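Undergrad: This is what each chain is made of:
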Amino acid sequence: MASDFGDAALWLAFLTAIFAAAAALVGTRGDRRWVDSSRYAVYSFCALMVICVVVMEHAFLTDDFSFNVVATHSSIETPTFYKFTAMWSSQEGSLLLWAFILSIVSTISLAATRHKLRDLVPWATAVMMGIAVFFTGLMLLGGDVNPFTTISPIPADGTGLNPLLQHPSMIIHPPMLYTGYVSLTVPFAFAIGALISRRVDAAWIKSTRGFALIAWTFLSIGIILGARWSYTELGWGGYWAWDPVENASVMPWLITTAYIHSIMVQEKRGMLKVWNVSLIVASFSLALLGTFLVRSGVLQSIHAFGDSTVGPYFLSLIGVVLIGSTWLIISRLDILRSDRRIDSLASRESVFLINNLLLIALCAVVFWGTFFPLISEFLTGTRSTLAAPWFDRYTTPVAVILVLFTGIGPMMSWRRISWEGAKRVFTVPLIAAGIAFVLLLLFTDAANSIWALLIFTLAAFTVTALIQETWRAAAARKKSVGGSIFASIWSNATRNRRRYGGYVVHLGLVVLLVGIAASSSFETKQDIELKPGQSAVVDDYKVTYVHPTLTRTEQALVFGAELQVDRNGKSFARLNPTRQYHQITDGTGSPGIASYFEGEATSEVGLKAGMRSDFWTSVEPNTKEFQRRARMADGLFGAFMRQKVLPVVQKNPSRAEAVSAAATDLLSLTTDKVIAGYKKDNLEVPVTIRVIVSPMVSWIWVGAIIAIIGALFAAWPSGLLKRSRGRKKTA
Amino acid sequence: MIVVWFLILLVFVGTFVSMPFWRGRAASSTEDPEIAALEAARESKYREIRDAEMDRESGKLSEEDFAELDAELRREAVDILDRLEALKGKES
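Listed in order, the protein sequences are those of chains A and B. First residue of the first sequence? That's 1 in my numbering, and the numbers climb one at a time after it. First residue of the second sequence? That's 1001 in my numbering, and the numbers climb one at a time after it.
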């Protein structure tokens, strides 16, 4: 059976990871053959993980319900696309995904360093494979989380995938986040290797910097996809709820951001070594914490897999990582001393240090708020939760200061900037900020929110600073080599990818924060109750409820409202927000139409997006009358089945299957009849429509895309294109 | 059946993983860590020199400040190159 093949591969992967770690440790004594053998073991681990994932995906795609995970997270009706992604909707599958991605990043990092960092790589290998042993061991020995567990008897169909997860963002969001979390393993492992081998110079940073940037990029993609999914799918109109698992992805992102900046200081000036090893330990620990939160059930979250047996194991791993790393750092403080001191407060090094402190402060606020339920329960016996307003109150001021430093950082020089130099670079951005401030006060209502006003003003400062930096450098290049200014910008950018990639990232983050400030400070939210034909005015918009919509898909009843939205007398949009009621398919629901109202309910919002504002609607239908008719139909159908059909089956058991199929078809026809009758009666049932007019939400998504492009540009290996062209020419 | 699959896969993995011990070629060579550290420091120093030039071009550094900083950076770069040459000379 396929499950046996997968199980065998997983067991061998577990043992191979153990061998790889052990061989690497033996190799630290100097015998390169053991180091090579451990590296080959890592490659083998990767191949075995590929086998496991292929077997798992094959099972999902072929509806092999002998696999317990397939039977509980997929069904024959599940669209093929979502069958493929269903693997990581389950606890077991997501652990497998974690181990799979770990195998890939470990392989790439060891292949890239096979001729380098001789003292360090064996220790790093041992750490990475130690983590691999944990995840594979957890799947095999940690309780009911083996992805290759089979069930008997094999059901004819599965229970299906949670309808909330059947969304394009949900296909990509988990793998992106996991890639972000897992990629942090590489710089962490190499940092530990550097500490153990006492090789704390910048060489290990150079080899792993790319992984930190990749981790940051994928975490960014995962976080923003999650926010987008929340905005369009969950029906409450927001993109960020300070949900514990959302917070758990933001915390490593914040610390990784600090790390990426801070390692530049170590590379250039030999400073902040203690900071850097501490930051990467913190990043990785927070990545494990995020993984733990989804699995443990300790905090309620829409993401949580619910209570499970794996929580204590994760806590143990986090404990080992933190305690072990802390001990190592303390024992190596002598070699982690900075080679130099900060020459001046007016320097890029100082700005990066302040940046570290701000990002850590932000992370600390989020951490405290996230774990407050546990802290309060521990201290007082009562579990209290901190809601979104608390988070907003304490994160906003720090975010404002960060926007400022996003502009200051690029303008500072390394070592020190003179007063004259500062005047030269700060004058124009400060003037731009002043002009922006005045214009905002005079022509907008930005003054109604002091924090939004500050962010907009500082955004003008930062954007001007970035443009000035880029323009001046390009002008200087143009002066010396000629050509157009844009050619000079491009030439400078490609010769200094990290710097200019960083500028683009800063620009993207500023745009994103402007979008957050505007949408959260100036949105108009209103719940309106309308009958068909009635209208209401929200902000500048007239919303008319034209008529209800009601359809049936294979697994859901879809109630909606056709809305006509006008602005200034002209047609603005035609929207159809819906609410879907999904049938319970695991056999535990009531028979008949009533089961639609016992399963998950999801929303599809009616959205007209624009750069100026989004017009967002969701509908909460009144299904009372429909449910009354459904119960009546179910009663009649049930009576018919008991009185007319059951006796036939009891007399002729061989006809049971045919009768069951006919009954299913009849129920389907009955449902359609109820729907048709309900629509024909055209009842004037009111619905509740939530309308949100939110300025500049689209700037959030645009800003995120800009930032991600900047990160990819910065991470792109310099000269790669030239080297490959060179190879083609010589070939 | 699990055991059969396990043994089949074990043959492949075992063969591959044991290759460094029986293939008869020398184990992979790696660069000297001291040299690697100096080369990383050299690259970093070149980057610093380039950054200083860009800072001058964008107006952060006056000509005097740049001249002083550039001289200091080049002295540090020469020092690294000297140490690198000495180490490489020892090796050969």
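If you're looking for bench data, these hints aren't it; they were derived computationally from the structure. In this text the structure is predicted, and so the values were computed from the model without any measurement. Please note that a few of the clues may not be correct.
[To be verified] For each label pair, taking beta carbons as the anchor points, the in silico distance ranges come out as:
1. A/Trp490 <-> B/Glu1072: 25 to 35 angstroms
2. B/Glu1034 <-> A/Thr380: 54 to 64 angstroms
3. A/Ile330 <-> B/Gly1089: 32 to 42 angstroms
4. B/Phe1016 <-> A/Ile335: 31 to 41 angstroms
5. A/Thr380 <-> B/Phe1012: 51 to 61 angstroms
6. A/Ala661 <-> B/Phe1016: 19 to 29 angstroms
7. B/Asp1079 <-> A/Asp445: 19 to 29 angstroms
8. A/Thr380 <-> B/Phe1016: 21 to 31 angstroms
Even glycine gets a Cβ: it sits at the ideal position worked out from N, Cα and C.
Undergrad: That 54 to 64 angstroms hint for B/Glu1034 and A/Thr380 (C-beta), does it hold up?
TA: Since the Cβ atoms of B/Glu1034 and A/Thr380 sit about 57 angstroms apart, the hinted range of 54 to 64 angstroms holds.
Undergrad: Please test the hint of 32 to 42 angstroms on the beta carbon pair from A/Ile330 and B/Gly1089.
TA: Holds, at about 38 angstroms.
Undergrad: Does the beta carbon distance between A/Trp490 and B/Glu1072 stay inside 25 to 35 angstroms, or does it fall outside?
TA: holds, 31 angstroms
Undergrad: Using the Cβ atoms, figure out if B/Asp1079 sits within 19 to 29 angstroms of A/Asp445.
TA: 60 angstroms Cβ-Cβ, so the 19 to 29 angstroms window is violated.
Undergrad: Are A/Ala661 and B/Phe1016 spaced within 19 to 29 angstroms by their CB atoms?
TA: With a Cβ separation near 52 angstroms, A/Ala661 and B/Phe1016 fall outside 19 to 29 angstroms, so the hint is violated.
Undergrad: CB of A/Thr380 to CB of B/Phe1012, is that within 51 to 61 angstroms?
TA: holds, 58 angstroms
Undergrad: How does the Cβ-Cβ distance of B/Phe1016 and A/Ile335 compare with 31 to 41 angstroms: does it lie in that range?
TA: holds, 37 angstroms
Undergrad: Mind checking the hinted window 21 to 31 angstroms against the Cβ distance between A/Thr380 and B/Phe1016?
TA: violated, 57 angstroms
Consistency note: the structure conflicts with the earlier hints numbered 6, 7 and 8.
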